[in-house]
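Visitor: Protein chains in written order, with the working numbering: chain L, 79 to 385; chain F, 3 to 327; chain C, 5 to 531.
Derived from the structure by calculation, the hints contain no laboratory data. The beta carbon of each residue, even a glycine, is placed where N, CA and C say it ideally should be. Any given hint could turn out to be false.
Here are some chain F residues pointing at chain C (derived, C-beta under 7 Å) [unchecked claim]:
no. : residue
1   : Met38
2   : Leu39
3   : Asp43
4   : Phe82
5   : Ile153
6   : Ala165
7   : Thr166
8   : Asp170
9   : Arg226
10  : Thr268
11  : Leu286
Under the rule of at most 35 Å between Cα atoms (straight-line distance), these lysine-lysine pairs were calculated in the DSBU-like manner [said to hold, decoys possible]:
no. : chain 1 : residue 1 : chain 2 : residue 2
12  : L       : Lys274    : F       : Lys242
13  : C       : Lys530    : C       : Lys146
14  : L       : Lys247    : C       : Lys284
15  : C       : Lys449    : C       : Lys137
16  : L       : Lys247    : F       : Lys71
17  : L       : Lys274    : F       : Lys223
18  : L       : Lys247    : C       : Lys212
19  : L       : Lys247    : C       : Lys146
20  : C       : Lys69     : C       : Lys394
21  : C       : Lys69     : C       : Lys449
22  : F       : Lys71     : F       : Lys131
23  : C       : Lys292    : C       : Lys449
24  : F       : Lys223    : F       : Lys242
25  : C       : Lys30     : C       : Lys137
26  : C       : Lys394    : C       : Lys449
27  : C       : Lys479    : C       : Lys449
28  : C       : Lys394    : C       : Lys137
29  : C       : Lys339    : C       : Lys69
Listed next, with one range per pair, are the computed distances between beta-carbon atoms [unchecked claim]:
no. : chain 1 : residue 1 : chain 2 : residue 2 : range
30  : F       : Gly57     : C       : Gly132    : 23 to 31 Å
31  : F       : Phe104    : L       : Ala216    : 52 to 60 Å
32  : L       : Thr111    : F       : Phe104    : 55 to 63 Å
33  : L       : Glu275    : F       : Phe104    : 33 to 41 Å
Chain by chain, the residues run as shown.
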Amino acid sequence: MTDTTAAPPPDVAKPAKVETPFQRFRAEFFESTIATVALGVFIIIVLLAIFAPWITPQNPYDLAQVSVMDGRLPPGSEAFDGYTMWLGSDGSGRDLYSAILYGLRISLTVGLASGVIALLIGMAIGLIAAYAGGRIEAFIMRVVDLQLSFPASLVALMMVAALGKGVDKIILALVIAQWAYYARTVRATALVERGKEYVEAAQCLGISRARIVFRHILPNCMAPLIVVGTVQTASAISLEATLSFLGVGLPQTEPSIGVLIANGFEYMLSGRYWISVFPGIALLLTVVSINLVGDHLRDVLNPRLKK
Amino acid sequence: MTVFVIRRLMQAILVVFLMSVIVFFGVNIVGDPVYMLVSPDADQADIAAAIRRLGLDRPIWEQYWLFLKGAAQGDLGDSFIFGEPALRLILHHMPATMELAFSALMLAIIIGIPLGLYAGLYPDSGLSKGIMASSILGFSLPTFWVGLMLIMLFAVELRWVPATGRGDLGSFLGFQSSLFTFDGLSHIFLPALNLALLKISLAIRLTRAGVREAMGQDYVKYARAKGLSTRRIISVHVMKNIMIPVVTVMGLEFGSLIGFSVVTETIFAWPGMGKLLIDAILQLDRPVVVAYLMIIVLFFVLINLIVDILYSILDPRVRLQDQGA
Amino acid sequence: MRKLTAATAVAFGIMAMAAGTASAEKLTIGLASEPTALDPHFHNLGPNNATTLHIFDRLVDQNEKQQLLPGLATSWKPIDDTTWEFKLREGVKFHDGSDFNADDVVCTIERAPNVPNSPSSFGTYLKGKTVEKIDDFTVHFKTAEPYPLMANDISTIRIISNETGCNATTEDFNAGTAAIGTGPFKFVSYTPGESIVMARNDDYWGEKSIWSEVEFRPISSGPSRVASLLAGDVDMIAAVPTTDITTLEGNADVTLSQGVSNRVIYLHMDQFREASPFVKANGGGDIKNPLMDVRVRKAISMAINRDAIVERVMEGVALPAGQLLPEGFFGVSDKLEVVAYDPEGAKAMLAEAGYPDGFEMTIHGPNDRYINDAKIAEAIAQMLTRVGIKTAVETMPRSVYFGRASRGGEGDLPEFSFILVGWGAGSGEASSPLKSLIHTFDADKGFGSSNRGRHSDPETDALIEEALRTVDDAKRQDLLAQATERAIENVAIIPTHFQVNTWASRKGLKYNARTDEYTLAMGVEKE
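Here chain L stands alone, though its shape is the one from the complex:
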């Protein structure tokens, strides 16, 4: 997700420099050990999720492979079908290691899909605002302001209450809860860029508005969008877990990480720590790594913090 999009504004003042902006960005990013490690962890998590079916002993969604007789076994126990449950099993007899990897698939899908869709919609609306200007812009921005004045958690909760359960519905709810953040970001950047001399110059040269928006304004929005995107993706994953805890999230039979944690909540006082702790750690690692990467991206991409 880094190589094509993250170009900072071209620096006209130092044409002599050999480094491309991307190389400079990369060098600065990997300066931080924490961010590098976080990125590594996140990539590993994504890979684990993608390859879950090939590296887990059990498909936790296939009831022929799950047996309630295996329920609540502590870590390291042997399952009915002969393999070892290194992280133990949950109340329904799902091997937690398998369930966590499969759950990550769902949670990451929900987080990334809602993030990408919200980003595209938000970007489009933000650009339309920036392109059209005038009354249309004023109207769009009022809607965005209004939406932003509502807590995303409440918007998502309301949407799920109105839409019902299911992966598609959760994604839709999260998109509705999040698009405005992107729209605002795009429009704010566009405002800054529009006031810059090169845009004025382009306008004087008679370059069309559409071209200015797409060739000049859009690329400059990318950096802040990525930062917002990481934070929003992480918060979408957490939000999904919270909705599941409240009983309005994803269905229980095909648990996401959020559902696993919500189910594990019941076991927190029962002494069977593994049922809530391991999915919790998985969620924590995912969200923290995304947040750390996002945090560092912000520092790297924010020119005002440059030494």
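Fit chains F and C to the supplied structure of chain L, relying on the hints for placement.
Guide: Using the frame of chain L, we list chains F and C on its own:
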């Protein structure tokens, strides 16, 4: 100014109306409240009577029309479950949520800003790194998980404070709140802390970012050059410049605190409107869900309006107009 | 976490000793779900019925096993085919000092079915009954047909005062001005969502409570409820989550009180559609509904390992079920055994019915209604899948589930093919499940209202209807048992287990567990 306010109020009414359409129709296609209400012993005739009584036998547009007619007169319908006006029910639960959100906001500011200041001034110290790492944890840990951990630690293990519930009410300047009694404060401490966690992290990060930015600014360099003590530079110049944006942003987070109070109230059995909302959603008490949303929309629209007006009074450069820049 | 709980136990012990003597008179109870009103006729719902029972009495009482006992009526008997005579207790006073007499009964019976805005009316129990005052302490209840369950029905109605209650609104009851009964406790305060406080009625006509004051606090989240008990916030909690029972059992400072409930968890199977929407041939093609074949239903019953459900899913806190009510209830058959787990037999039976390779099916169930409901549905699907009936699971919140399960399909018919449901016999005897679950669906007569599989057997119906006309207890008991046996033989439904309810209290207290799942301060005793 008057024109501006009137225009914004018209917009508010339009928004509330649109929201009511979306939520009313949305909520009304999910589930079947009749079976949530009638006793299992009820026979077919009882069930049919319950459907008629709730007006669910009418077409949905007619139900909506009746709702609108009532809403125009300030009647948002009766709760299916409590039989009381939904509006009254929500207003009844509102003070508990407000005092919880307010306490959480105060905690976030009191705890978050000093920590953020430190982390911003000494970005490379170990403690700062620890603070920043914890703030990321604060962002990432699920609220409900932390909530139960807080109960286990402070209520069950250490027994410093009660685990759940709201304490005795006290009266001060005509206000009734559990913040005015010791029992009340001991009850609100854990839920407020739980709710504040996310915002403490936010306050730390905002303050840190503000401080780091300010320290590089010219006025700080000049102040240094002038020979002012570091303490004075920070307490007078830096703080003055960062406090306003930080406190403003935190104030705007009040809404999100109300949103997240749903989780905290569930865990701490806090009798607020968040708990009322989640119960209403789970039990399909449609009038309460719709009324809650109407109230929240109105609430936020009004807050926005007030903030805009205040800005224009405080900062003459800001003009009240709804045309974008 | 283990360490934490062990340390907790020690801390708890010390504190409990310190606190035990000081607050001995006041009892604080954490409830899982709170009443929706203090008006005893507003909402026919478990928590309401339990809470109002502290303030109000009923003519006929039910003990913890739901057997009928004299309450405000000292005796009752049928005096002809359609009339029951109730003799009322003399010398009983309401909390405001006024006397209890037949006028209170008459006005109560008039008010109870007609409370405005009532979500679930008590009219269900009073339909077709008229009341008549004979003298101050005698009333007659009349029906059009002979009716044996008069006392059971009357035991659902709490008696209010004709002076303060009968013209009062639900709000008056909630505010306390009308919450004036004859019961063992008096209203003190009611804050919805927060607490209900009551004080002992020192002039109570029956056994007076040992508690001078009782406070009920709703704590809906299970772990939070347990934590509140461990923290000493409350003296007792209802509805202990099964997940925490093992730990609490090991905690010397907590006493658990358990008892079987009147609630059976069972499976309904589509027995009325030739093509059932959620039953498919292997590979997904259409198939003639196999659930119509009694052999298939039997095979399903044999494929279910009830002991495993009890041990693994319910953590031992349930009883395997072979019929509609646990033993000891009126109308239960003593001939029925729990169907033994026999996967090989189930496979053979399926082959005999023409499904050697099984078929595909979906089990639907709620996920927030019964104890561990979603997990049970999953366990059953696993067991059926292992004998060849490839079963998918779909669980949903009860708010969505019951509507769809009852009338979500075409023509307002039940939508699903194979569902997990529960039934609590409010009347405490077998006619309740037989009438609603087993009898043919018949809207005109009010039978089979929860018969979501639409099982229909004229002979069973005749037995049930006859029982409901038979006033003689011994004969009726026999008829109910026969109807149950026939229903189980035809596999009208498949009972899996009876729920067992658990209350937890601080050491030194215990609760007389009730089959009706009520949490009553009157049942909390010192050990």
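Visitor: Now tell me, hint by hint, if it's right for this structure.
Guide: Hint check results:
no. : hint                               : result
1   : Met38                              : holds (6 Å)
2   : Leu39                              : holds (4 Å)
3   : Asp43                              : holds (5 Å)
4   : Phe82                              : holds (6 Å)
5   : Ile153                             : holds (5 Å)
6   : Ala165                             : holds (4 Å)
7   : Thr166                             : holds (5 Å)
8   : Asp170                             : violated (11 Å)
9   : Arg226                             : violated (51 Å)
10  : Thr268                             : holds (6 Å)
11  : Leu286                             : holds (4 Å)
12  : Lys274(L) to Lys242(F)             : holds (30 Å)
13  : Lys530(C) to Lys146(C)             : violated (43 Å)
14  : Lys247(L) to Lys284(C)             : holds (27 Å)
15  : Lys449(C) to Lys137(C)             : holds (29 Å)
16  : Lys247(L) to Lys71(F)              : holds (31 Å)
17  : Lys274(L) to Lys223(F)             : holds (28 Å)
18  : Lys247(L) to Lys212(C)             : violated (55 Å)
19  : Lys247(L) to Lys146(C)             : violated (54 Å)
20  : Lys69(C) to Lys394(C)              : violated (40 Å)
21  : Lys69(C) to Lys449(C)              : holds (29 Å)
22  : Lys71(F) to Lys131(F)              : violated (58 Å)
23  : Lys292(C) to Lys449(C)             : holds (31 Å)
24  : Lys223(F) to Lys242(F)             : holds (16 Å)
25  : Lys30(C) to Lys137(C)              : violated (40 Å)
26  : Lys394(C) to Lys449(C)             : violated (38 Å)
27  : Lys479(C) to Lys449(C)             : holds (23 Å)
28  : Lys394(C) to Lys137(C)             : violated (61 Å)
29  : Lys339(C) to Lys69(C)              : holds (21 Å)
30  : Gly57(F) to Gly132(C): 23 to 31 Å  : holds (27 Å)
31  : Phe104(F) to Ala216(L): 52 to 60 Å : violated (34 Å)
32  : Thr111(L) to Phe104(F): 55 to 63 Å : violated (40 Å)
33  : Glu275(L) to Phe104(F): 33 to 41 Å : violated (47 Å)
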